[in-house]
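The primary structure of each chain is shown beneath.
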Amino acid sequence: MAAAIDGVLPEHLQELVKNSKVLVVGAGGIGCEVLKNLVLSGFVNIEIIDLDTIDLSNLNRQFLFHREHVGKSKAKVARESALSFNPDAKITAYHDSVTSTDYGVNFFKKFDVVLSALDNRAARNHVNRMCLNADVPLIESGTSGYNGQVELIKRGLTQCYECTPKAKQRTFPGCTIRNTPSEPIHCIVWAKHLFNQLFGESVEDEDISPDAADPEAQEGDAEGTEIPAGDGAGDGKEKSASESANGNVVRINTRQWAKDCNYDASKLFNKFFFEDINYLLRMSNLWKSRKAPVPVQWDTLLPKGIPDGDSLPEFARQFHKVWSVEECAQIFSNSLRQLSNDFLKLDNNDSLVWDKDDQAAMDFVAACANVRSHIFNIERKSRFEIKSMAGNIIPAIATTNAITAGISVLRAFSVLEGKFDQCKAVYARLRLNPRNQFLVPDKFFPEPNPNCYVCASDPAITLRIDTKRVHIKEFRDEVLIKTLNMVNPDVTLESTGSIIISSEEGETECNEQKLLSDMNIVDGVILKSDDFFQNYELSIIISHFDAERDDPLFEVIADKSQLQPKEEEEEKPEPSEKLVSRKRAANGNGESVEKCDDGPSTSKRSRPTEIEDDDDDDCLILEDPEDDVVEATDKLTVESPPKTATKRKPSDVVESDEITTILDSSDEEESRPTKCKRSRLEKSEGTGSIEIINID
Amino acid sequence: MAMEMDSAPNEVGVELTDTENELYDRQIRLWGLESQKRLRTAKVLISGLNGLGAEITKNIILSGVNLVKLHDDKLVTEEDFCSQFLSAREKIGTNRAEASLDRARALNPMVEISADTQPLKDMGAEYFGQFDVIVVSGENNAELLRIDSICRELGVKFFATDVWGMFGFYFASLQTHRYVENIIKHKIISKPNEKQKTEIISTPVQFEVEYPAYSTWLDFDINAPSYQRKIKRNGPGIVLLRILQEFRDVNKRDPSFKTREADINKLKKIRDGIASKSTITDDAIGMLFAQVSPAAAVVGGVVSQEIIKVVTKMEAPHRNLFIFDPETCVGYVEPIGVN
Numbered sequence: 001m002a003a004a005i006d007g008v009l010p011e012h013l014q015e016l017v018k019n020s021k022v023l024v025v026g027a028g029g030i031g032c033e034v035l036k037n038l039v040l041s042g043f044v045n046i047e048i049i050d051l052d053t054i055d056l057s058n059l060n061r062q063f064l065f066h067r068e069h070v071g072k073s074k075a076k077v078a079r080e081s082a083l084s085f086n087p088d089a090k091i092t093a094y095h096d097s098v099t100s101t102d103y104g105v106n107f108f109k110k111f112d113v114v115l116s117a118l119d120n121r122a123a124r125n126h127v128n129r130m131c132l133n134a135d136v137p138l139i140e141s142g143t144s145g146y147n148g149q150v151e152l153i154k155r156g157l158t159q160c161y162e163c164t165p166k167a168k169q170r171t172f173p174g175c176t177i178r179n180t181p182s183e184p185i186h187c188i189v190w191a192k193h194l195f196n197q198l199f200g201e202s203v204e205d206e207d208i209s210p211d212a213a214d215p216e217a218q219e220g221d222a223e224g225t226e227i228p229a230g231d232g233a234g235d236g237k238e239k240s241a242s243e244s245a246n247g248n249v250v251r252i253n254t255r256q257w258a259k260d261c262n263y264d265a266s267k268l269f270n271k272f273f274f275e276d277i278n279y280l281l282r283m284s285n286l287w288k289s290r291k292a293p294v295p296v297q298w299d300t301l302l303p304k305g306i307p308d309g310d311s312l313p314e315f316a317r318q319f320h321k322v323w324s325v326e327e328c329a330q331i332f333s334n335s336l337r338q339l340s341n342d343f344l345k346l347d348n349n350d351s352l353v354w355d356k357d358d359q360a361a362m363d364f365v366a367a368c369a370n371v372r373s374h375i376f377n378i379e380r381k382s383r384f385e386i387k388s389m390a391g392n393i394i395p396a397i398a399t400t401n402a403i404t405a406g407i408s409v410l411r412a413f414s415v416l417e418g419k420f421d422q423c424k425a426v427y428a429r430l431r432l433n434p435r436n437q438f439l440v441p442d443k444f445f446p447e448p449n450p451n452c453y454v455c456a457s458d459p460a461i462t463l464r465i466d467t468k469r470v471h472i473k474e475f476r477d478e479v480l481i482k483t484l485n486m487v488n489p490d491v492t493l494e495s496t497g498s499i500i501i502s503s504e505e506g507e508t509e510c511n512e513q514k515l516l517s518d519m520n521i522v523d524g525v526i527l528k529s530d531d532f533f534q535n536y537e538l539s540i541i542i543s544h545f546d547a548e549r550d551d552p553l554f555e556v557i558a559d560k561s562q563l564q565p566k567e568e569e570e571e572k573p574e575p576s577e578k579l580v581s582r583k584r585a586a587n588g589n590g591e592s593v594e595k596c597d598d599g600p601s602t603s604k605r606s607r608p609t610e611i612e613d614d615d616d617d618d619c620l621i622l623e624d625p626e627d628d629v630v631e632a633t634d635k636l637t638v639e640s641p642p643k644t645a646t647k648r649k650p651s652d653v654v655e656s657d658e659i660t661t662i663l664d665s666s667d668e669e670e671s672r673p674t675k676c677k678r679s680r681l682e683k684s685e686g687t688g689s690i691e692i693i694n695i696d
Numbered sequence: 001m002a003m004e005m006d007s008a009p010n011e012v013g014v015e016l017t018d019t020e021n022e023l024y025d026r027q028i029r030l031w032g033l034e035s036q037k038r039l040r041t042a043k044v045l046i047s048g049l050n051g052l053g054a055e056i057t058k059n060i061i062l063s064g065v066n067l068v069k070l071h072d073d074k075l076v077t078e079e080d081f082c083s084q085f086l087s088a089r090e091k092i093g094t095n096r097a098e099a100s101l102d103r104a105r106a107l108n109p110m111v112e113i114s115a116d117t118q119p120l121k122d123m124g125a126e127y128f129g130q131f132d133v134i135v136v137s138g139e140n141n142a143e144l145l146r147i148d149s150i151c152r153e154l155g156v157k158f159f160a161t162d163v164w165g166m167f168g169f170y171f172a173s174l175q176t177h178r179y180v181e182n183i184i185k186h187k188i189i190s191k192p193n194e195k196q197k198t199e200i201i202s203t204p205v206q207f208e209v210e211y212p213a214y215s216t217w218l219d220f221d222i223n224a225p226s227y228q229r230k231i232k233r234n235g236p237g238i239v240l241l242r243i244l245q246e247f248r249d250v251n252k253r254d255p256s257f258k259t260r261e262a263d264i265n266k267l268k269k270i271r272d273g274i275a276s277k278s279t280i281t282d283d284a285i286g287m288l289f290a291q292v293s294p295a296a297a298v299v300g301g302v303v304s305q306e307i308i309k310v311v312t313k314m315e316a317p318h319r320n321l322f323i324f325d326p327e328t329c330v331g332y333v334e335p336i337g338v339n
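From first to last, the protein sequence lines are chains A and B. Here the UniProt record's numbering is used: the first residue of the first sequence is 1, the next is one more, and so on. Here the UniProt record's numbering is used: the first residue of the second sequence is 1, the next is one more, and so on.
Hint data in this document are derived by calculation from the structure and do not stem from the laboratory. This structure is a prediction, so every number in the text was calculated from the model and none was measured. Some clues are possibly wrong.
As the list claims (entries may be wrong) - Output of the computed footprint for chain A on chain B, the stretches with three or more beta carbons under 8 Å from beta carbons of chain A:
hint: 1; region: 116-125
hint: 2; region: 241-253
Said to hold, decoys possible - Residues of chain A placed beyond 10 Å of chain B at every Cβ, according to the derived structure:
hint: 3; residue: Tyr-263
hint: 4; residue: Arg-435
hint: 5; residue: Ile-526
As the list claims (entries may be wrong) - Okay, the calculated beta carbon distance ranges per label pair:
hint: 6; chain 1: B; residue 1: Gln-196; chain 2: A; residue 2: Trp-287; range: 23 to 31 Å
hint: 7; chain 1: A; residue 1: Asn-377; chain 2: B; residue 2: Gln-196; range: 48 to 56 Å
hint: 8; chain 1: B; residue 1: Arg-105; chain 2: A; residue 2: Lys-345; range: 53 to 61 Å
hint: 9; chain 1: A; residue 1: Gln-359; chain 2: B; residue 2: Val-14; range: 18 to 26 Å
hint: 10; chain 1: A; residue 1: Lys-259; chain 2: B; residue 2: Gln-206; range: 32 to 40 Å
hint: 11; chain 1: B; residue 1: Val-14; chain 2: A; residue 2: Asp-88; range: 42 to 50 Å
hint: 12; chain 1: A; residue 1: Lys-345; chain 2: B; residue 2: Glu-78; range: 53 to 61 Å
Glycine included, C-beta positions come from ideal geometry on N, C-alpha and C.
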C-alpha cells in the first residue's frame, strides 16, 4: 500500500491515491491486474463491476481466481482476493452488467477516474458515453495476444472511444452460407445454424437449407422454372424430406422433422449432406464458375454403421487432429445422440444454447462443418481450430495483461494529478518499432472527430438502408441497438415530430412489422433518435439503396464524404485492427451474457452474417501508434468544459476554439479495405509498421 | 544469422493432458502447442522476492513451466506491501521466499514450487546449473557479474532486473540463443491479368543471435559523445539506472522511504557527478522509493514475456538492456555491446 506508507510516493500523489474514488469496469484479465495494482498502490475506495462468472480457461491469466472459484462471480471473487492483499481497502463488487440502468450518469459521477477493462465493443461504447456524460476521465484498455493498448478518454480533450470507426465485423451473405461456401468459416457458420435449427433458439434467419431464391441461381437459368421461387424452396425441400421420413405430406420444419425421425443419425446425415446437396446441384447456374459440391451418403461412408459402445472413440479427444470424413460422421452420430437426449429433457419450447465449451455442441459443429467442407472441396480443420473460429476466441496471456494494466494504473496516477497532457495512448507490441520501442506512447492526442456520432456537437449519421426491405423492428434492434449501441431509443420523424419508435412499452408496437418505406421513411428523410438513459441524441439521415445479393441491408456512415462513390476494393486482410463485440446483456441480469456466447450467426437472406465476439477477454481495437506524425502536443491547451448536470449541450462537448488543430502530415494514405475509416487510422497506416494480427 | 527451416522445430515428445489443454487454451492459441510443451519442461530460478519478483513469479507460474524455485535471504518488511502480493501481511518478519510459497502454489497446482533461503553469494555452479533460466533482482553489480559468468559457462540464460519506485530495467545475458520467428510475407495469388490479390504467408525462420555478458553494461560509457543523441531521443533512463546502481553499490542498500529526503540528496549528488540536472529531473528522483505496484507489473510482465520467449525459442528476445520510463510509459531497448 504505497500511499499508506509515508515517503514512498511524492506527498501530493499519496493524498490523491488515498482519497480518490475509482471504478473498475471488468474483472477479467486486465481487471484482475488493475485491481491488484490499485489496492497495492493504496487506493481505498474502489468499486468493480463484472457480469461474468469464472471459467477454467480464465485461470491462465486471471490470477485472482483459482480452480475452486470456477462458476463464481468474477467481481466478487476478485474483491475477496484483492482484500487479502490489502485488508484496508474498501471494495464494492457488483456482479452485474455495466449497461444496466442501475448504473446511470449519477453512478459514474461518483468517481474521480474510471478504468475500463472490457472485452466487447458494446459495453465499451456504453461506458464511453456514460463517462463523457458524467465528465469523468476514462482510461480505456484492451489486449489481444501480445498486443495491448491504454488510452485516456476525456471529454473535450481527447477523442472518444467512438470517434474512430472500428473495423467492421466480418460478415457473410446468406447465399454464401446456404448455397456456395468457399471457406472453412462459411461451413462453420452453417454448422452453428444447423445446431440452432435442431436444438437452439429457433431463429428464422438461420436457415440452413438451399436457398432457391438466390438471384445468381435464377438469372437466365433454364432450370430456374423448376425451382420454386421465394422461401417456398426450403420448405419444399423439407416437405420431401418428411415424405421420405414418414410418408406424410404435412409441411413441417426441420426441427420437428428431426424429432419425428428420432434423431436417426443416418437420416439426418443424408438429408443435410446428400439430399440438400443434390438439390443445390440442380441449381446449375451456381456451378458454372464454381467447383460443384460432391454429396456424401451415410451408407457409403460408414457401410458397417457406427461401431458399438457408448464410449467415445479415441480420435474424438484428439482436438489437434484433422478428422477424416468418416470420423466426422461418427462424431456427428455421437454428438447428435447426446444433444438430442439433452434437448428432449427440456420443457416444451425450451432450447439448448450453443456453447463452444460444451463437448457435444462443439463436437457437433466441428463434425458438420468438416463434412460440409469436404463436400465443397474446402480444407478441413481440426476441432481446436474450428473452436477458435466458431467461438471467435481471442488468445490471451498473463504478461500482456499485466503490462497493460500496469500502464493503465500509472496513467490513472497522472490523471488524478491533472497531468492530462502526459496521458497519451500507449501501445504494447511484441516486436520493436524503428525507434527500438515496444511499449510505445503516442506523440500527441488525436483531435476529437468533428463528425463523431457520439461526442461531436449535434451528432448525425447517414444511414444507407434498403427502406423497402427493412422493418421498423429490425431498424430498432439491428441498427439502433446492435450497431449504434443505444439501450432504449425513442425515434421521431424530424419533419412532423411523429413518433416512430417509443421507449415506452406498447406505445408503438403497431409499427414494428411495417417497412420503413411504409412509414414514409424514404431517401432524404431525417430521423431524430434519443436514448434517455445514455443521454444521447442522434440525427439519422436516411439514404435509400436497393440491396444486391451480397449486400448488407444497411450501412452506417458517420462521415458524409464516405457516401461518394469509391473504386471497388479487393478483399484484403484486415489491417492492424481486430474487433470484437458482443451482444448486450439484458439489463440487470448478470447471467444473460454468460449464456449468450454467440459466435457466427446469420440473418435474413442477403443480410450478412456477423462474427460476433468471443466470450472472454479484454479484447480491443488495436491501432498502431502514430509515429511519424507531426508533434503538436505543446499546442494542445484545453480547459475542462463546464460541468452540466443535464444533457450535454453541443457547446459543452468541444470548445473548439480552445483546441489547436493538429495537422495530419501523413499524405501517404493507401486505399482502405474498410469503407468508413478516418483520420486516425489513416495516419497510422502511413507509418508502415503495421503488424498483422492473426487471431486464429 | 537466419535460415529458413524445412520443417517445424523438433517436437517435444510429451503430450499435454486434457486439463492442461483446457487451462492453457488461450495461450496455446497464441504461441502454439510446441511452445506450451517446451514451457512444461522449463526450470526457472527467481531470486529476490520483492514486488518485481512476485510479479515475475506469478506470470511464470501461470504460463505453466515445470519448476519454479523462489530464492531470497531477506525478510518481509512493510515496504513489501507496496507490491509484493504473494506474501500475506501476517508473514512480516519471515523469509520472503518462504512467505510467498502458499500463494504462489495456489496460482497453478501443476507447477512444482519450492523456496531457498541461503545467501546467493554462497551458491555456485552446482546450484545455478539446475535451471534453464535465472532471473535475479536486488543484487549489487559484483554479485550480478559473478552469477552471469557462472551462467555463461553453464549455458544457463541469465536476466538481471530491478524496479526502483516506478522506474525499472532488465539486462538479458543469453549467450548464443537460437529461436524461430515467423516471417510474414504477402504472396500474390491473383493471375497477372487480374486485380492484385494477396495472401499472407507465414514462414518460420530460425535465427541464431549472440547476447553479450553483463560486464558489457558495466563497461558501457553513458557519457560517450556518440551516445548523447540517443539519450536525447529515448530519454535519460539509462543514466538513471547508472545512478541507482551506483547508489546501491556505495550504500549497500536502495533508497529508502524512511530516509527519503536524505536519500534524495544522495541521489542528486550522484547525478551531478555523472550527468546534468536537466537530464534527470528532481521530480524523477522523487519517484524512486520502494517498488510501486503498477510499475512492478509492467517490468515483471516484460521480463516474464522474455523468459517465455527464451524457453519456447519462439520470437527474438530483446537485445539486451530494457528501460521503462514511467512518466511517458515508453519501454525501449538499448543494444549494449552489440555491433
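Verification of the hints:
Residues of the region 116-125 of chain B lying with their CB closer than 8 Å to a CB of chain A number 0, which falls below the three-residue condition for coverage. With 0 residues having a beta carbon nearer than 8 Å to a beta carbon of chain A, the region 241-253 of chain B misses the requirement of three or more and the stated coverage is violated. Non-interface status of Tyr-263 (chain A) relative to chain B is upheld: no Cβ of that chain comes within 10 Å, the nearest being about 27 Å off. The non-interface label for Arg-435 (chain A) is inconsistent with chain B: the shortest C-beta to C-beta separation is roughly 7 Å, within 10 Å.
The Cβ of Ile-526 (chain A) sits about 38 Å from the closest Cβ of chain B, beyond the 10 Å cut-off, so the non-interface label holds. The hinted window of 23 to 31 Å between Gln-196 (chain B) and Trp-287 (chain A) holds, with their beta carbons roughly 27 Å apart. Checked against the hint of 48 to 56 Å, the C-beta distance between Asn-377 (chain A) and Gln-196 (chain B) comes to roughly 25 Å, which is inconsistent with it. Evaluation of the 53 to 61 Å hint for Arg-105 (chain B) and Lys-345 (chain A) yields a failure: the beta carbon distance comes to about 40 Å.
Between Gln-359 (chain A) and Val-14 (chain B), the C-beta spacing of about 24 Å keeps the proposed range 18 to 26 Å intact. At roughly 56 Å, the beta-carbon separation of Lys-259 (chain A) and Gln-206 (chain B) lies outside the given 32 to 40 Å, and the hint is violated. For Val-14 (chain B) and Asp-88 (chain A), the hinted distance range of 42 to 50 Å is satisfied, since their beta carbons lie about 46 Å from each other. Between Lys-345 (chain A) and Glu-78 (chain B) the Cβ separation comes to about 58 Å, which falls inside the hinted range of 53 to 61 Å.
Consistency with the previously given hints fails for numbers 1, 2, 4, 7, 8, 10, ordered from lowest to highest.
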